[in-house]
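2 protein chains.
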Amino acid sequence: MADDVATLNSLVGEIVDLRSAASLLDWDAAVCMPPGGVGVYGNNSATIRRLAHDRFTSTQLGECLERALRQIESLPPDAELSRLVKVTARDYDRAVRVPAEYIAEQAMATSTAYQAWKEARERSDFAIFLPHLEKIIALKQQYVGFFQPLDHPYDAVLEDYEPGFRTSDIETMFGALRERQVDLARTIQNHPRSEDAFLRASYDEQVMVNFAREVISTFGFDWSRGRQDKSAHPFATPIGTDDVRITTRFDERNPFETLFSTMHEAGHALYEQGVAPVWERTVVRGGASLGVHESQSRLWENLIGRSLPFWEHFFPLLRRRFPSQLQGVSLEAFYHAINRVKSSFIRVEADEVTYNLHVMPRVEIEIALLTKAIAAKDAPDFWNAKMKEYLGIVPDSPTHGILQDMHWSIGLFGYFATYTVGNLISVQLWEKFTAERPDSSEMIRRGEFAPIREWLRTVLHRHGRSYQPRELVENITGSAISTKPYLDYLSIKYGALCGLPAGG
Amino acid sequence: MADDVATLNSLVGEIVDLRSAASLLDWDAAVCMPPGGVGVYGNNSATIRRLAHDRFTSTQLGECLERALRQIESLPPDAELSRLVKVTARDYDRAVRVPAEYIAEQAMATSTAYQAWKEARERSDFAIFLPHLEKIIALKQQYVGFFQPLDHPYDAVLEDYEPGFRTSDIETMFGALRERQVDLARTIQNHPRSEDAFLRASYDEQVMVNFAREVISTFGFDWSRGRQDKSAHPFATPIGTDDVRITTRFDERNPFETLFSTMHEAGHALYEQGVAPVWERTVVRGGASLGVHESQSRLWENLIGRSLPFWEHFFPLLRRRFPSQLQGVSLEAFYHAINRVKSSFIRVEADEVTYNLHVMPRVEIEIALLTKAIAAKDAPDFWNAKMKEYLGIVPDSPTHGILQDMHWSIGLFGYFATYTVGNLISVQLWEKFTAERPDSSEMIRRGEFAPIREWLRTVLHRHGRSYQPRELVENITGSAISTKPYLDYLSIKYGALCGLPAGG
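Residue numbers (this note's numbering), protein chains in the order written: chain A, 945 to 1448; chain B, 945 to 1448.
Derived from the structure by calculation, the hints contain no laboratory data. Be a bit skeptical, because a hint or two may be false.
Unchecked claim - Residues of chain A placed beyond 12 Å of chain B at every Cβ, according to the derived structure:
(1) S989
(2) A1053
(3) W1167
(4) V1273
(5) R1284
(6) V1338
(7) Q1348
(8) S1384
(9) S1423
Said to hold, decoys possible - A partial selection of chain A residues facing chain B, derived with a Cβ cut-off under 7 Å:
(10) S967
(11) G986
(12) D1186
(13) L1275
Just so we're clear, the structure is a prediction, and the values are computed from it rather than from any experiment. Beta carbons: idealized from backbone N, C-alpha and C, even for Gly.
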């Protein structure tokens, strides 16, 4: 047995190396690369990804995997080796359905689509992006064909990002959230608002960035195994468990975005830095799903980073950095201001109450496009109608509407729902932790985050992809992924903030 | 024909992509990577390099190459396609002689040797590095075996860096230079020296870096196809023609190193940025040899950057940046100071007159080690004896002696002679250019460098590796690579500087 598993590990190890190198290339393209480098980056990235796909779907690997699967039959299903082989087999089964030519064609299509999207967004002209979006939809429809039979065509793309979730699960989830969140957002917005102009005063970029770095250092971000840079859009890229890179940006119109997005990306990074060394150079290294990943970023950004105890600790420190900007601002006023609920055009700037309402239109459009219920050219109208319905506003331009996210341009289709899944999981994990540690508010008030980080590492991070998301959440919390805790959390937090009756 | 060449290009293109990605990984490791990333970097780099070697030496590529070779027989030997196929065949013939296991073993040996060298250098303890050096020498001796029969074992390693050069050529070259350069260095050092303490005053790092950037911008370094960062040792890394990265460092004890090393690396970068697009994604992309490459860095750094006309233009600008540091310093005093000749321990800080005298001991040690004339443990004594003989000084520590260069630790054996070859070629090219353009001094005095850059681009850069170094230099200058122009240049320049009779 040792031999087959060793061969499998060595074959898979190479593929993991190639994917890791490809991640570094992506990071470099977003952070370092001079503009002229786009061509060589495109070639290098395409070649490495194609080789990784070719090798992962090779007959040699398939046969080796088959032998390994027979050999683990005698092991307990929860044994590390069993989980390793099973996750590899699951990935393999999906990968072999996709022909190499498709991978190459998609890589080509998305590399030009991304450039077109950037131009379209700059010029706020959907027509520039339209033919590329049509091509990508056609590719996704072709992709669906590789995974037939399916209950719903969208299941094929959803499975890539949120394994074990079906379209019907997402529809049920949205059904439970939609009305409640629309109502809550309306009620709160009709409430008198507190002053928050101080959030948009003039803040020094470097002081803000340094403050954010100190915050995530207390969370436990390991700078010897990671770094932070600037990029057009904040993101986190794991090159490996011991090299996890995050980015941030500074926007003078919204200086606190730097802080909250740094906490957000640090949440992703802590997950990656916490994967157990046993999964190194295997496909198990990484997060269980995008939803589970997002639960970590939202937990640190929102459940901790926008909580009152957090600011009881950090507000005095922040005020010391920005004495003039925050002069006369009370802790309570600051806490209210950073939790202000307001319908806005841009998803990444949305508050906790409206966030999911940005996700739903995107998923609904994707399903409509994939099933040909609407044509790509009609997507902007669909978008605007949904924004009106859920958020009561209509984007003033395609740039602030349908062109705001890069996802489709780089082929990420079926991705958006994971943001909502992440919101739900974050609250379920937090409920579990606070039940186990009734002193959690006290801890945060003292600026003590190690117990939270270590708990997450123990129950979640170290497992990597070795459990499926739903199984993992159930193992940790004892409950299925559910909308109720999230809705309760919103009602209680925002009820208290606005003086509404708790429990909604 | 088109088909075979197209297939060959597509196979080779993949390999070029992999090598380019590996270069990016190396650049990242030196410039960006957090310390924890060294493990994942090692794995990724080894996998990519092994795959590149495997694929380049594959039967498929070999057969395709053979057909392509037959097909170019009907073409003029100078046709682009002929040159492309012939360079590919030359590389292939060398690559197939080296077994994949050897590549893997060397990668492993050098990754630990490099760490050991760093530690040895820090602690100035040769014993730490000794077993690794022994291993590397053993590997190089094994490497020589792959290329038998040879006139001299050292020919095998020399060919990797300076194609077409034999050990006997290097020995002849050193023979012609040694005595003359030793004499010249002694004569000049016995001359009264001008004041140069102002070169080591306190200079602001950022102002110096910005000044250096402005200088190389006037040379024509294309920032849209390149970038500059800080690293422990300055270097230039081409990811591709349109993405060429250079690094610099700032040393308070030697603030002008930033400027001269930036000009040096920009010389390398201009070469890479100037390769014709037709060679993109082929093995012809890049420089003809390390010697030819070094001719470009030395030309910009020394022949231009340490010339009087250059400083007639730039000294007033420099003095505006550093008014207090350069108060009362005349152009002539500055020119003398930056051309001061002085025996020193460190090669990269050596002046034009003593530089080759640093190269010779290294090459002589390598030959002695490879042929087992001396043992690795005796290398430090050999080193010190040669330094005494050529430069009249003995390093005060291994860190300032045999441990100063990283080359051997990363497996670069046979490399050093190319620095001297580069010095020779730089002067031959410069003689040719100045003969064609008698107004060259005037041009430089006006800060006009485009004609020089464009001439180099036309006669040299654009050809990439499509001509062998000796052929290339002869095509451009009408003469073989020779020591005389370099010795004449030194005699005239330093004779004038020291009031010695010109012509030595």
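Do the hints match the structure? See the list:
1. S989: About 8 Å separates S989/A from the closest Cβ of chain B, which leaves it inside 12 Å; violated.
2. A1053: holds, 19 Å
3. W1167: The claim breaks: W1167/A does not keep its Cβ more than 12 Å from every Cβ of chain B (closest is about 7 Å).
4. V1273: holds, 35 Å
5. R1284: Since the minimum Cβ distance to chain B is about 36 Å, R1284/A lies beyond 12 Å and the statement holds.
6. V1338: The assertion about V1338/A holds, with a minimum of 39 Å to chain B.
7. Q1348: holds, 27 Å
8. S1384: holds, 30 Å
9. S1423: Check passes; 36 Å lies beyond 12 Å.
10. S967: violated, 10 Å
11. G986: violated, 10 Å
12. D1186: holds, 4 Å
13. L1275: This hint is violated: L1275/A lies away from chain B, its Cβ roughly 35 Å from the closest one there, beyond 7 Å.
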